[in-house]
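So the sequence lines, in the order shown, correspond to chains A and B. Position 173 (the first sequence) corresponds to 172 in numbering that gives the first Met the number 0; numbering is contiguous. Position 238 (the second sequence) corresponds to 237 in numbering that gives the first Met the number 0; numbering is contiguous.
Simulated from the structure, these hints should not be mistaken for laboratory data. C-beta: ideal position from N, C-alpha, C; glycine also. Possibly wrong hints are sitting among the right ones.
[Claimed, not checked] Mimicking DMTMM-like on lysine to aspartate or glutamate, the simulated pairs with C-alpha atoms at most 25 Å apart in a straight line are:
(1) B:LYS153 <-> B:GLU73
(2) A:LYS64 <-> A:ASP87
(3) B:LYS157 <-> A:ASP125
(4) A:LYS64 <-> A:ASP125
(5) A:LYS200 <-> B:GLU325
(6) B:LYS153 <-> A:ASP239
(7) A:LYS53 <-> A:ASP192
(8) A:LYS200 <-> B:ASP254
(9) A:LYS200 <-> B:GLU73
(10) A:LYS78 <-> A:GLU109
(11) A:LYS15 <-> A:GLU109
(12) A:LYS53 <-> A:GLU36
(13) A:LYS50 <-> B:GLU270
(14) A:LYS78 <-> B:ASP38
(15) B:LYS157 <-> A:GLU247
(16) A:LYS157 <-> A:ASP203
(17) A:LYS15 <-> A:GLU191
(18) A:LYS64 <-> A:ASP203
(19) B:LYS157 <-> A:GLU243
(20) A:LYS26 <-> B:GLU73
(21) B:LYS157 <-> A:GLU245
(22) A:LYS64 <-> B:GLU229
(23) A:LYS200 <-> B:GLU270
(24) A:LYS90 <-> B:GLU270
(25) B:LYS335 <-> A:GLU191
(26) A:LYS189 <-> B:GLU73
[As the list claims (entries may be wrong)] According to the in silico footprint, chain B covers these stretches of chain A (three or more CB under 8 Å from chain B):
(27) 14-22
(28) 62-76
(29) 214-224
(30) 229-235
[As the list claims (entries may be wrong)] Sample of chain A residues with no beta-carbon within 12 Å of chain B, all distances over it, derived:
(31) MET10
(32) LYS26
(33) LYS50
(34) ALA80
(35) SER112
(36) ARG118
(37) ALA128
(38) GLY130
(39) LEU158
(40) LEU174
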Amino acid sequence: MSKAILYDATMCIGCKQCEGACAQQNKLPYDDTVAAESVQSAHKYTVVLTKNDKFMRRLCMHCEKPACASVCPVGALHKTANAPVVYDVWKCIGCRYCMVACPFNQPKYEWQSLNPRIRKCIMCPDRLAAGKQTACAEICPTGATKFGERDDLINEAKLRIQQNPSNYLPHIYGLEEVGGTSVLIISNAKVEDYGYPSSAKIGDTPMPEYTGRVMERIPDFIPLWTLVLGGIYWVSHRRDEVAEAEAESKNGGRR
Amino acid sequence: MKFKLTLWRVIFIVIMALGLYSSYIRYFHGLGAATNMTDQFPWGLWIGFDCLCGVMLAAGGFCMVGAVYLFNVERLHPVVRPAVLTAFLGYLLFIVGLLFDLGRPWFIWHQMIYMNPHSVMFEVGFCVMTYTTVLFFEFLPNVFERLNWKTPIKWINKIYPVLIVAGILLSTLHQSSLGSLYLIMPSKLHPFWYTPALPFFFFASAVAVGLAMTIFESTQSAKAFGRQLELPVLVTLGGALLVALWVNLLLRVEDFYHRGVLGMIFKPSYEAYFLWIELILTFVIPITMLSFKKVRISPQLLYLASISAVLGFITNRLNIALIGFETYVGHHYVPKWTEFSITLMIVAMGFALFGLAVRYLPIFESESAHKLEEPEVTVGARVLSHAGD
Ligand code: SF4
Ligand code: SF4
């Protein structure tokens, strides 16, 4: 079944232990300087942001229908059955289309490298395969980052909002956005304040559909257009042939 | 022949030297050192100009081949070869540009084995690859004629109809697909430029630019090589360009109206300024000029009108690729000097190769040479028209 992460911003205490665990899991350097960085980058897949004493975590949303995977010309990114959107570096040609296409701006790039890779949260696929939860969820001391079945987490999120309506905005970010994501966020501050795109802006349509509408016509278009072009060619050259034949017979007659 | 150091040659050498130095920075210090691209701005000048504009500027090839071989506009025959040459060079240089822009260019061939059919980028890559091959074959007769190899020319003549149809099909696909690249970014690209109609616009603008570029390059090379310009050719192209510009304009206005942004256009804003530049160069200047018969029959004025149109469409694509994202990203992207320098180097290479090809190959040769390459039926038509004279 499909897994997910539920991040409840109201339970987050901003300890940034998820950042550290993520860095360790992905063999990235992590020290006070990195901890102080408030932007995601090729060496920081997740970040805990602070605004007005409220916290918000950012990470790849692991879209159900990921834009990044649909645009990659070589299929270096793909959605796995249980949730993670993973990256096969050996395929990547470095076109960075995934970066421009992702509505959440999650893929980051190793700009300084001579053989650069795309970097983003991949939802600990090895841990998941071993039946474990993600490193960030495991370390979270308050349960603000919780790992589980997507359906269960949705119910739990709904319940929390229902039982404590004054504590939450009545919305689960990621439930419907861009067709649903495997990271769900509930909070009492607007996600837009932390750099997330607003729900209204990205909508509920899965991003790949925007291109799919055009791309799916191509298989029909190719034979049709070939016929039309071939037809025009044939007609315009047929006319010449006929004219030529006539001219010849005329000339022949004259001679 | 003695090598003379003309002003143009000096400029060329300077551009190449700087370009080579920039290439060194690009390949030995990485994209970060050579460009101002960032995680927020992952596509810069190289995608915006070298790729989007490069492919558009090479559209003359399929336009002229289509006009002459598909629609039998015999008058345009003299410009087919230079147009095909421009297209062939354009696509080769587009691939060179990609080798700079891709983070891992040594894996560019992965396109051919790890294919993702859902990706527009894959479709573009695939079409460009095949079309460059087609252009290569369309270009080959030049070489064969030069070497006086009759048999291979006959072979190519046999497959010419296939080349023509395939070339136009592939061009339709990838010219429009360049626009489809941006369909997946509705929340990022500014509403002036984001529209579901992007693929149509990219195709329509490619046709217009194909015509304008053919006027530009015929006039330009006539000047450079002291050739006589064939006025009827230019007049035909100018008329077609006027029609193409009108079609583009009507499509744009319809789209603005349809999406309800027509009102926004006239309100001053950062994006609006760039849109105005674009619209003035693409439509206002050339359409006004070309509406006068005096302009349509004057090579000099036609030349100016087509330059304006080409610059306008270039602005359009740069707006889509760069300006249209700045508000979303929240800061400006200004290319680094190395980015400009590499782009300039690629353009300069294009001019140089064109010059060499024109000098050593029968690109602008007399009628007799053309007869070898074209299908016999067309020759028949000319015989007929001469007979009618
Ligand atoms: S958030 Fe972006 S990078 Fe992550 S799965 Fe969705 S589209 Fe891909
Ligand atoms: S940068 Fe790599 S992973 Fe991203 S779309 Fe291009 S090839 Fe795919």
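Hint-by-hint comparison with the structure:
A C-alpha spacing of about 21 Å is found between LYS153 of chain B and GLU73 of chain B, which places the hinted pair at or below 25 Å, so the restraint holds. For the proposed pair LYS64 of chain A and ASP87 of chain A, the alpha carbon gap of about 18 Å is at most 25 Å, so the pair holds. For the hint pairing LYS157 of chain B with ASP125 of chain A, the CA-to-CA distance comes to about 57 Å; that exceeds 25 Å, so the pair is violated. Between LYS64 of chain A and ASP125 of chain A the alpha-carbon distance is near 21 Å, which keeps this suggested pair within the 25 Å criterion.
For a cut-off of 25 Å, the pair hint linking LYS200 of chain A to GLU325 of chain B stands: about 16 Å separates their Cα positions. Distance hint between LYS153 of chain B and ASP239 of chain A is fulfilled; the C-alpha atoms sit about 20 Å from each other, no more than 25 Å. The straight-line distance between the Cα atoms of LYS53 of chain A and ASP192 of chain A is roughly 11 Å, inside the 25 Å bound, and the hint therefore holds. Taken as a hint, the LYS200 of chain A and ASP254 of chain B pair is honoured in the structure, with Cα atoms around 20 Å apart against an allowance of 25 Å.
Taken as a hint, the LYS200 of chain A and GLU73 of chain B pair is broken in the structure, with Cα atoms around 52 Å apart against an allowance of 25 Å. Our distance criterion of 25 Å between C-alpha atoms is met by LYS78 of chain A and GLU109 of chain A, whose separation comes to about 22 Å. In summary, the hint linking LYS15 of chain A to GLU109 of chain A is supported, as the alpha carbons are separated by about 23 Å, within the 25 Å threshold. Annotation: proposed proximity of LYS53 of chain A to GLU36 of chain A holds, straight-line Cα distance about 17 Å (limit 25 Å).
At most 25 Å may separate the alpha-carbon atoms for a hinted pair to count; LYS50 of chain A and GLU270 of chain B exceed this at roughly 30 Å. Our distance criterion of 25 Å between C-alpha atoms is met by LYS78 of chain A and ASP38 of chain B, whose separation comes to about 22 Å. As the CA atoms of LYS157 of chain B and GLU247 of chain A are separated by approximately 23 Å, the hinted pair is consistent with the 25 Å bound. With a C-alpha separation of about 19 Å, the suggested pair LYS157 of chain A and ASP203 of chain A falls inside the 25 Å cut-off, and the hint holds.
Taking the CA atoms of LYS15 of chain A and GLU191 of chain A, the gap is near 20 Å; set against the 25 Å cutoff, the hint holds. Among the hinted pairs, LYS64 of chain A with ASP203 of chain A is consistent with the structure: their alpha-carbon atoms are about 11 Å apart, no more than 25 Å. Under the criterion of a C-alpha separation no larger than 25 Å, the hint pairing LYS157 of chain B with GLU243 of chain A is consistent with the structure, at around 19 Å. With a C-alpha separation of about 66 Å, the suggested pair LYS26 of chain A and GLU73 of chain B falls outside the 25 Å cut-off, and the hint is violated.
For a cut-off of 25 Å, the pair hint linking LYS157 of chain B to GLU245 of chain A stands: about 24 Å separates their Cα positions. This hinted pair does not check out: LYS64 of chain A and GLU229 of chain B have alpha carbons roughly 56 Å apart, beyond 25 Å. Pair hint LYS200 of chain A plus GLU270 of chain B holds up; C-alpha atoms about 19 Å apart against a cutoff of 25 Å. Of the pairs offered as hints, the one joining LYS90 of chain A and GLU270 of chain B is violated, with about 37 Å between alpha carbons and a cut-off of 25 Å exceeded.
A distance of roughly 31 Å separates the Cα atoms of LYS335 of chain B and GLU191 of chain A; the hinted pair therefore is violated under the 25 Å criterion. For a cut-off of 25 Å, the pair hint linking LYS189 of chain A to GLU73 of chain B is broken: about 65 Å separates their Cα positions. Given as covered by chain B, the region 14-22 of chain A fails the check, having 0 residues with a CB less than 8 Å from a CB of that chain where 3 are the minimum. For a cut-off of 8 Å, the count of residues in the region 62-76 of chain A with a CB near a CB of chain B stands at 8, and the three-residue condition holds.
Under the rule that three or more residues need a Cβ within less than 8 Å of chain B, the assignment of the region 214-224 of chain A holds, with 5 such residues. Counting residues of the region 229-235 of chain A whose beta-carbon sits less than 8 Å from any beta-carbon of chain B gives 4, enough to reach three: the coverage restraint holds. The claim that MET10 of chain A is not at the interface with chain B holds, since no C-beta of that chain comes within 12 Å of its own (minimum 29 Å). Against the 12 Å criterion, LYS26 of chain A stays outside the reach of chain B, whose nearest CB is about 20 Å from its own CB.
Consistency note on LYS50 of chain A: stated as away from chain B, and its beta-carbon is indeed over 12 Å from all of that chain's, at 16 Å minimum. Even its closest Cβ contact with chain B, about 18 Å, leaves ALA80 of chain A beyond 12 Å, as expected for a residue assigned away from the interface. The Cβ of SER112 of chain A sits about 6 Å from the closest Cβ of chain B, inside the 12 Å cut-off, so the non-interface label is violated. Listed as a non-interface residue, ARG118 of chain A fails to keep its Cβ farther than 12 Å from every Cβ of chain B; the least gap is roughly 10 Å.
Every CB of chain B lies more than 12 Å from the CB of ALA128 of chain A, the least distance being 23 Å, so the non-interface label holds. Distance to chain B confirms GLY130 of chain A as a non-interface residue, since its nearest Cβ pair spans about 30 Å, more than 12 Å. A cut-off of 12 Å between C-beta atoms confirms that LEU158 of chain A is not in contact with chain B; the least separation is 31 Å. The claim that LEU174 of chain A is not at the interface with chain B holds, since no C-beta of that chain comes within 12 Å of its own (minimum 18 Å).
The earlier numbered hints that this structure contradicts are 3, 9, 13, 20, 22, 24, 25, 26, 27, 35 and 36.
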